[in-house]
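S.K.: All chains, full assembly: derive it from the sequences and hints.
Note that the UniProt record's numbering has the sequence shown beginning at 1, numbered continuously upward.
Keep in mind the hints are simulated off the structure, nothing from the lab. The reader is advised that the hints may include incorrect statements.
What the hints assert, rightly or not - Simulated DEER-style distance windows between Cβ atoms: (1) D187 - A247: 38 to 44 Å; (2) P78 - E499: 51 to 57 Å; (3) S484 - E46: 39 to 45 Å; (4) R479 - E379: 30 to 36 Å; (5) G72 - D321: 45 to 51 Å; (6) G549 - A453: 47 to 53 Å; (7) S492 - L8: 46 to 52 Å; (8) T478 - H170: 32 to 38 Å; (9) A146 - G176: 27 to 33 Å; (10) K579 - R479: 17 to 23 Å; (11) D220 - P78: 45 to 51 Å.
As the list claims (entries may be wrong) - Computed cross-link-like contacts, PhoX-like style, restricted to lysine-lysine with a CA-CA straight-line distance of at most 20 Å: (12) K320 - K141; (13) K385 - K30; (14) K9 - K148; (15) K30 - K141; (16) K9 - K49; (17) K9 - K545; (18) K482 - K545; (19) K284 - K148; (20) K336 - K320; (21) K258 - K332; (22) K27 - K181; (23) K332 - K320; (24) K507 - K579; (25) K237 - K150; (26) K27 - K385; (27) K332 - K385.
Positions of the beta carbon are idealized from the N, C-alpha and C atoms, including for glycine.
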Amino acid sequence: MADYQVPLKDMSFLLYDVFDTEALWQKLPKLAEHVDRETADAILQECAKIAEQEIAPIARQGDETGVSFDNGVVSTAPGYQQAFNTYAEGGWTALGGDPEYGGMGMPKMITSLHEEMLCSADISFSLYPGLTAGAGLSLAKHGSEALKEKYLTRMYAGEWAASMCLTEAHAGSDLGIIRTKAVPQEDGSYRITGNKIFITGGEHDLTENIVHLVLAKLPDAPAGPRGISLFLVPKIKADDDGNLGEANGVSCGSIEHKMGIHASATCVMNFDDAQGYLIGDINKGLACMFTMMNFERIGVGIQGIGAAVRSYQNALEYAKDRLQGRSATGAKNSDKEADSIMVHGDVRRMLMNMKALNEGSRALSTYIAMQLDIATYGEGEAQQKGENLAALMTPLAKAFFTDLGFESTVNGQQIFGGHGYIREWGQEQLVRDARIAQIYEGTNGIQAMDLLARKVAGSNGKLMQIFLDEVQAYIRETRDDKMSEFITPLTSAVDDLAELSQYLLDKAGQDANELGSSANDYLHVFGYTAMAYIWARMAQQALNKLDSGDDFYQSKLHTARYYFARVLPRRISLIATAKSGSQSLFALDEELF
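M.R.: Listed below in structure tokens is the structure:
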């Protein structure tokens, strides 16, 4: 496997050329206090070092060894403890945290790039600090002052980790039927009893304590999701000063043996009269948890990007070195027995797909992160627009990036040929690790329904119109003839997305199955169109800098042209299937399957 190299130049291009974050940060006073270009560059450079030098080297051994389970004790793979200590000592666990409790307060546009680095280096490792950061968001927004002082400060310090405990064996994604119980106590705490499955980082040896955020129901709670409350349940009880005491009623019953992410502990967690503390209001736990879940869904999308980037780097190095066959236009290396497989059109097709989708995904992810920053730190109409776009695009980020990420890991494996299927080269690990991202934090089918049924149809198209208005304004403002090769297909794509959105809204009133039948296709039409918008903006900046003589901008421009010529047309077949209706899906009776 190729040594991982963080694409810092592309990240800087996005931050400072495409999205002009220096100006944005100055417009947001709360951010201007914490971040400027010098700070951001230093953070990304130092994070690149730890990703490349400390985390990436342990990924292979982590996959081979995995985590171990012995009578309730979970041990992480060799090298993980040292790497985590180095990571925590560097302050990385506090990167996006609330400064009032020891966090660094960095914007999502910085933390999302940080997350990509971790995921490219090792998805398994990234999950431990990732879950803690997400739990920190929920606690910071909904927890009491006492809970934040006691727990949040130590989570940011990397002394304590966190997990998210939602899923139960019988419930899956239907959280309204969970059975975990919370019984109120006279001292204001609760006794939590129940079992949770598929809990990432539920038990491990990286930190001295683990803070579990647990969904449970009070005895008199309303039925369904309206009766869910959220509780903080520590693995080990602590006094008011944070000194650890006796064990709580929390134990790990077993760990899952999985297809991938072997070095990430996926646990069955048992809560037996464990002491817990309410976060937020009674019966409002789902809203509190979604603060974390929306963060994690975008983070899972970034897992797809991270795996795809590592796959591209591996496959590119292999393709340049692998000698096989001759170019169709004549030998390129006549002094050798064969040319590299870079001369073959199909290999180039896969590499260019990966390059265009990876760079487009990183750019679109950064755009979504910008909306989150505006929603968090902005004011007035700008803040509302940021909130609306972030809500619209969260399911897109999770599903689109992970679908494309898996596609790119498989393409990388295909370029390796037989070597991609055996363990020696490490490429097959990426295929296995990337696959889970399409499943957890709400399957991609659920994300598609969230987008089309809840966000688009639920707002009667208003949320989508906000996005369409922005892109159409950009098209009107971009009159440079040099940009016509990008603006013309972008205009067609945006018009088609608008027409498809209205078509499905109209059909949904006639057929209850319409939205569910077309949701997946619709999400991808939206994804390719949104990516085209960002690729146009990247091409515009590349054109402006061509005279610099830097090959980076030439490469960017060629990749943009490839995206519009050979990737964006995918939407055409997706539009056709999205409009095909539900009849062919539901015509076959169950017994005939």
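S.K.: All hints, please: hold or fail.
M.R.: Here's how the hints hold up against the structure:
1. D187 - A247: 38 to 44 Å: The hint (38 to 44 Å, Cβ to Cβ) is violated, given that D187 and A247 are roughly 19 Å apart.
2. P78 - E499: 51 to 57 Å: holds (55 Å)
3. S484 - E46: 39 to 45 Å: holds (42 Å)
4. R479 - E379: 30 to 36 Å: holds (31 Å)
5. G72 - D321: 45 to 51 Å: holds (47 Å)
6. G549 - A453: 47 to 53 Å: holds (50 Å)
7. S492 - L8: 46 to 52 Å: violated (34 Å)
8. T478 - H170: 32 to 38 Å: About 53 Å separates the Cβ atoms of T478 and H170, which means 32 to 38 Å is violated.
9. A146 - G176: 27 to 33 Å: holds (30 Å)
10. K579 - R479: 17 to 23 Å: violated (33 Å)
11. D220 - P78: 45 to 51 Å: holds (49 Å)
12. K320 - K141: violated (49 Å)
13. K385 - K30: Answer holds: K385 to K30 is near 18 Å, not above 20 Å.
14. K9 - K148: violated (37 Å)
15. K30 - K141: holds (16 Å)
16. K9 - K49: holds (14 Å)
17. K9 - K545: holds (14 Å)
18. K482 - K545: holds (13 Å)
19. K284 - K148: Satisfied, since the Cα-Cα distance of roughly 19 Å is no more than 20 Å.
20. K336 - K320: holds (14 Å)
21. K258 - K332: violated (44 Å)
22. K27 - K181: violated (46 Å)
23. K332 - K320: holds (12 Å)
24. K507 - K579: holds (9 Å)
25. K237 - K150: holds (11 Å)
26. K27 - K385: holds (15 Å)
27. K332 - K385: violated (53 Å)
Violated hints, in rising order: 1, 7, 8, 10, 12, 14, 21, 22, 27; the structure is consistent with all others.
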